[in-house]
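Whole structure, please, built from the sequences with the hints as guidance.
If you want the building blocks of each chain, they are given just below.
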Amino acid sequence: MFGSETVHSGRGEEILEVLQLLVSGLANGCVYGLIALGFVLIYKATEAVNFAQGDFMMLGAFVTLGLTNAEYLDLPFWIAAPLAITIMAVLGYLLDFFILRHLFGQSQTAVVILTIALGFVLRFVAGLIWGHEPQTLESPLALGDVQLGGVVLGMADVAVIVVTFLLTWSLYQFFQRTKLGLAMQAASQNQMAAYFMGIPVRWVQGLIWGLAGATAAVAGILFASKGAIDPNAGLLGIKAFAAAVIGGFGSLPGALAGGLIVGVIEPFAARYLAAGYSQIAPYALLLAVLVFRPHGLFSQVRVKKV
Amino acid sequence: MRIHFKTTYEQDIRLFPDLWTACVYGALILLAFALPYLINEFYIGEVTNVLIWAIAGLGLMLLTGQTGQASLGHAAFLAIGCYTNTILIEQGLPFIVAFPLAGIITGVVGAIIAIPALRLHGIYLAIATIALSILADDIIVLLEPWTGGVSGKFPEMITVFGLEIERWTMPTRFYYLVLVVTIICTLFYRNLLRSPLGRAFAAVRDSEVSATAMGVHIARTKATAFGLSCMITGWAGALMGYYAGTFNNETFSIVISITLLMMIVIGGLGSIHGAFFGAVVVAFLPQGLSILKDGLIGGGVAIPGLETGVFGMILILFILFEPMGIYGRWLKIRIWFELFPFARKDMFRRQKSYLKTERLR
Amino acid sequence: MSLLEIKNATLKFGGVVAVNDLSFSVEEGEVYAIVGPNGAGKSTVFNLISRFYEPFAGQFTFDGQNLLDRAPDEVADLGIARTFQNIELFEHATVLQNLLVGRHRHRKSTLIEELFFAPRVRAEEHRHREAVEEVIDFLDLQPYRNKMIAGLPYGVRKVVELGRALASGPRLLLLDEPASGLSVEETQDMRWWIDDIRKQMGITVLMVEHDMGLVSGVSDRVLALADGAKLAEGTPAEVQSNPAVIEAYLGAGAV
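Chains as they are written, first to last, in this note's numbering: chain A, 1 to 306; chain B, 307 to 667; chain C, 668 to 922.
Since the hints were derived computationally from the structure, they do not count as laboratory data.
One thing to keep in mind: the hints can contain errors.
Result set (EDC-like, lysine to aspartate or glutamate): computed pairs, CA atoms no more than 16 Å apart in a straight line [what the hints assert, rightly or not]:
#1 C:Lys-814 / C:Glu-800
#2 B:Lys-599 / B:Glu-613
#3 B:Lys-312 / C:Glu-800
#4 C:Lys-866 / C:Asp-887
#5 C:Lys-814 / B:Asp-318
#6 B:Lys-459 / B:Glu-556
#7 B:Lys-312 / B:Asp-324
#8 C:Lys-897 / C:Asp-688
#9 B:Lys-459 / B:Glu-396
#10 B:Lys-312 / C:Glu-797
#11 B:Lys-312 / C:Asp-804
#12 C:Lys-897 / C:Glu-914
Derived contacts from chain B toward chain C, CB cut-off under 10 Å, selection only [stated by the list, open to error]:
#13 Lys-312
#14 Leu-321
#15 Ser-501
#16 Arg-505
#17 Ala-508
#18 Ala-519
#19 Ile-524
#20 Leu-534
Using N, Cα and C, we set each Cβ at its ideal position, and we do this for glycine too.
This is the structure in structure tokens:
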């Protein structure tokens, strides 16, 4: 907390501004991190990359909006949110069941392009159902600001940060501690061996897609609480993608860290860099990471044998 | 069924395996040259569009189908080709020099960009190229003095040895120009396939380890593939600029990159035919859809995202049911007729191959 | 002077010593076999010669030239060709194209010439194809010439891989388990081919093999490896009767 004297001095204001940027950056970064989490979940379990994860997030937001907003079903938020998360989880599972399972044996490129196409289709469907006008989610999270020693915190921002950290922590615990989580990890590292060890690999992969759908729904609800959404909100997925790469594909905490880095860089680049250069910043970082540390900032690279 | 008894090496080397095939393609080229006398100017414009997309498709096919490197950033190279061509002509170079040079410059830029990107595989390369495509948009704005930034540029009228060519007022001349470029690019592609470099591309695609053991320099081969791919794409970009009549930073967006990759997958990866089949789908889908839409719900209603949505669905269906694309389906139909009535369903059963995970690279 | 000379080669993966102070040399025109239990470092020796692995220490000389100065793709230029333990063919290409890739080290045409398919490219293609057809004749691959690798049975793939190595016109041929997974008849064929490769073509062969029947049938000298170090070296009969080798293979107390 800062005393009133420091607020009046120029330096104090600068610190406050930095803090303000930091908090809004962290909140955005958490959304990126949550989407990135979905990428990483699926990558860990199937070596595939779901380029439609951003569109999953958008769809999750719209499903919640459709359930809770007054002009649609008008359900109470605390019923609508878990319901939307469940719907998205089921959708994720079904996508795996009906589409991705049949790609077994095709190249990674086929999966990449298929999920991109899936994103197009989801965007189109969402546009048909909910229209292309930006809409806001009637969320209890969206109400009010908190004043914290001169830094204004949106409730939504606080909620985003808290929920994200809780979710990442519990997913991490899930993978490290529970039997199912370990089975999922095993399935990713060697499908054949996992199969022979009695792990139902296909079912486990379906579950992972379900989990990724649920995570996307959470990200969508939080994102929609922070501002308006429209069917193109899924394009955010590209930034989340940068986050996942920066953090290193295959690590859940890495994905969150990557998200936070991208989230924080954005407002600071916008504030301190010249106009055209600020949008470039996250992608420039992405390219730098890809060139110099292709396995992410936080990974130990393993060399495989012939 | 035609049976090839090979008696000379030439039969494998020359452009067409037998007289019949040569006649078919000869007739096709004759038809292409006679087309302006057969259909009206509107459709000539549409066919021109197909050919331009086919050139771009050939460019990406060389990289993705032949060398196995998926790029989601080829719109950036369309842009480089387009802007370079326009700027060179503005500097006073004649079209006949500026146009080839624009492709070559794009190719060199592509090869230079490829050098760091070469260390990436599969999805990482896809991500890097996505970033490239997004960056291209911002960079065009930043380079406003040369590119005209957001307000964009208008390409000047083409003059080849005193002959004026313009897309709107002289669609037939523009069509012939595009047709010649298409034939040249197709020949280049075909020549590469039958020479050592083309085989080295396939070697890199299928097994980098044994390609290395056979003396193929992986990085150099990939950079060459990238460069050649970008050169052809650059030419397509220049032609797209003329076709559109005006272009700015948003003309060559990431959506174009994605469409291009989807197009060659739908057409059939790894074949020249695939680029052309895919281009037909891309160029005629909007028309087809608007005719359908007018028929079903009446004209004037805009459905945003309809084209990309339907395109996405087509792609998903192809990947699920016909991963070899339209060309794969075409081959099956042809074989079915050639063998009639002896074709059996099981003949075309897909060989299940298991994904090889990354090994020593 | 030996054709291939390896002195004091050592390679470690982390804390594991894969090859330990190994020295041996292969003379021009002989068939030299490396045997040893799984994990003895046999394939690792091949990957060292191919320059896929960087040795920790040691000297590698081929025909008087330092192999360590060469990049992995330059090894083929010296005239060293190899096969792989788990076949590494170009799956989506025909047998003919696979064999033609073997000719890559003889490529003289430039990019521009190939784009325009200049007469020189055509002339060279004829030469490549002549060489490849000889290999096809030699290995009886005619029925498969224009077949995709993806549809071929295992035994044929093994032969195609041998053919691809031969097509490069090597002086030294490295065969990594040429008989693994082959039937008795196919192994017999392989044995005759290896004999002919040495006698008719004058190519030196260095091979890793488990099948002792094949090894004693074709090789002049045998090197037995255990834990990356030399256990015994000599004629097949000498090595097979060496107590240390028997112990390594059958376990202590078997002697």
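task: Of all the hints given earlier, name the ones this structure violates by number, lowest first.
output: none
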